[in-house]
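Protein chains: 2
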Amino acid sequence: MTTPSTPRLYHTALSPYCRKVRLVLGEKRVEVELVEERWWEPGSEILRRNPAGKIPVLRIDGRLLAESQAICEYLDETIPSPPLMPTTPIERHEVRRLCAWFDDKFNDEVTRPILSERVWKKVMKAGYPDSRLVKSGLRAVKDHIDYLGSLLEQRKWLAGNTLSLADFTAAAHLSCLDYISDVDWDRSSVLREWYATVKSRPAFRSVLADQVSGLAPAPHYAQLDF
Amino acid sequence: MTTPSTPRLYHTALSPYCRKVRLVLGEKRVEVELVEERWWEPGSEILRRNPAGKIPVLRIDGRLLAESQAICEYLDETIPSPPLMPTTPIERHEVRRLCAWFDDKFNDEVTRPILSERVWKKVMKAGYPDSRLVKSGLRAVKDHIDYLGSLLEQRKWLAGNTLSLADFTAAAHLSCLDYISDVDWDRSSVLREWYATVKSRPAFRSVLADQVSGLAPAPHYAQLDF
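Those protein sequences? They're chains A and B, same order as listed.
Counted from 1, the first sequence has number 110 at position 110 by UniProt numbering; the numbering is strictly sequential.
Counted from 1, the second sequence has number 91 at position 91 by UniProt numbering; the numbering is strictly sequential.
In short, the hints are calculated from the structure, not lab data.
Treat the numbers as computed from the prediction; the structure is a model and nothing was measured.
Where hints are given, some of them may not hold.
No distinction is drawn between identical chains; accordingly, a pair holds when it is met within one copy or between any pair of copies.
Unchecked claim - Cut-off 27 Å, straight-line C-alpha distance, at most; resulting in silico cross-link-like pairs (DSS-like, lysine-lysine):
| id | residue 1 | residue 2 |
| --- | --- | --- |
| 1 | Lys142 | Lys156 |
| 2 | Lys28 | Lys156 |
| 3 | Lys156 | Lys121 |
| 4 | Lys28 | Lys122 |
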């Protein structure tokens, strides 16, 4: 049951950027109406909602907000509890550095090559996967797992000793890959433990319930003990 | 003359991300030592400074900071005058949305295709320009100029009525293109006026003095009246 003031998120299920916003809304216990935006289909009105033509778009407080990082910073500033940005500038820099790590570097090297070939070509009926791109993503993910493991050897959470937007940004990307079973959790036990902890938060429930038509999730995807 | 505590920026001249940080440092009147980082050459130590292997990297306050947007937010939080982020969450969202517009969308569609072909292949001795990419960048820039023009018809500065990080992010990208004369300023008189105003700020002086070896700037590049 939603009211006129319930925020509405235009999204698609396996977009890491949409998931990032959903996880932050969930963590802050904001009820949201999810509307699937099939922006690649004729008749999509995405450009009316966001001139950049991208999802997510969040309708909240009477406005349409775009760009996942900008949306999440807005949510953290307007709904302070629980805080997802630490208090000192140097800690905040570290959170933002790691958000950019995932949203730029990890996406370029891993999420996009794998999802575009294994998911989006299927969903958009745009041909067969290019196995070279998938392989390059699967090669690159190893170095990223090692880097994240090295951070988590020294820290409780990715950016420091408190849970932050960096953890949800990382989990948003990794959970998309985990849906199609492309994360080798055996490679790093600290990363597996961290993901199990993040995954068990109530904010994660909606993401774990996602089903993409014609593409069943990996059997362990929604299991908290994987 | 620099002291041990002078911040040091590892950069290259025509990187929009490095320019963005230089412009913010300049606007806040922070003296900085510029060190050219030729990260593509053997022996570069970029990975020791930033595991993402990217510039800019700023050494400041005893730390090495990476990711241009995260660096600029850090600088704005630690050196508040003059402020480059507005005070309300909705205005701050608009600044961050436009920063992402340039650093992601404009870069993907315009800055990278044009600079990679016209500048970086030459500097890195990596072959001849692919004219299809240059043409696609030159086509795309028209829509961006129209969009920026439509914003500036309604606002004094890009994100609203105060100068912000969005203006310097935009100017960082446009100034790299302007160095090789790839901005059609005749297309939008409000955009030209805005750029002339930004370009005349003292923060811009160091950027206008840039010279890339073997690649002279366009004749109007450093002229305040162009």
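Right, here's what the structure says about each hint:
{"no.": "1", "hint": "Lys142 / Lys156", "verdict": "within (21 Å within a copy, 47 Å between copies)"}
{"no.": "2", "hint": "Lys28 / Lys156", "verdict": "within (21 Å within a copy, 35 Å between copies)"}
{"no.": "3", "hint": "Lys156 / Lys121", "verdict": "neither (37 Å within a copy, 43 Å between copies)"}
{"no.": "4", "hint": "Lys28 / Lys122", "verdict": "neither (34 Å within a copy, 50 Å between copies)"}
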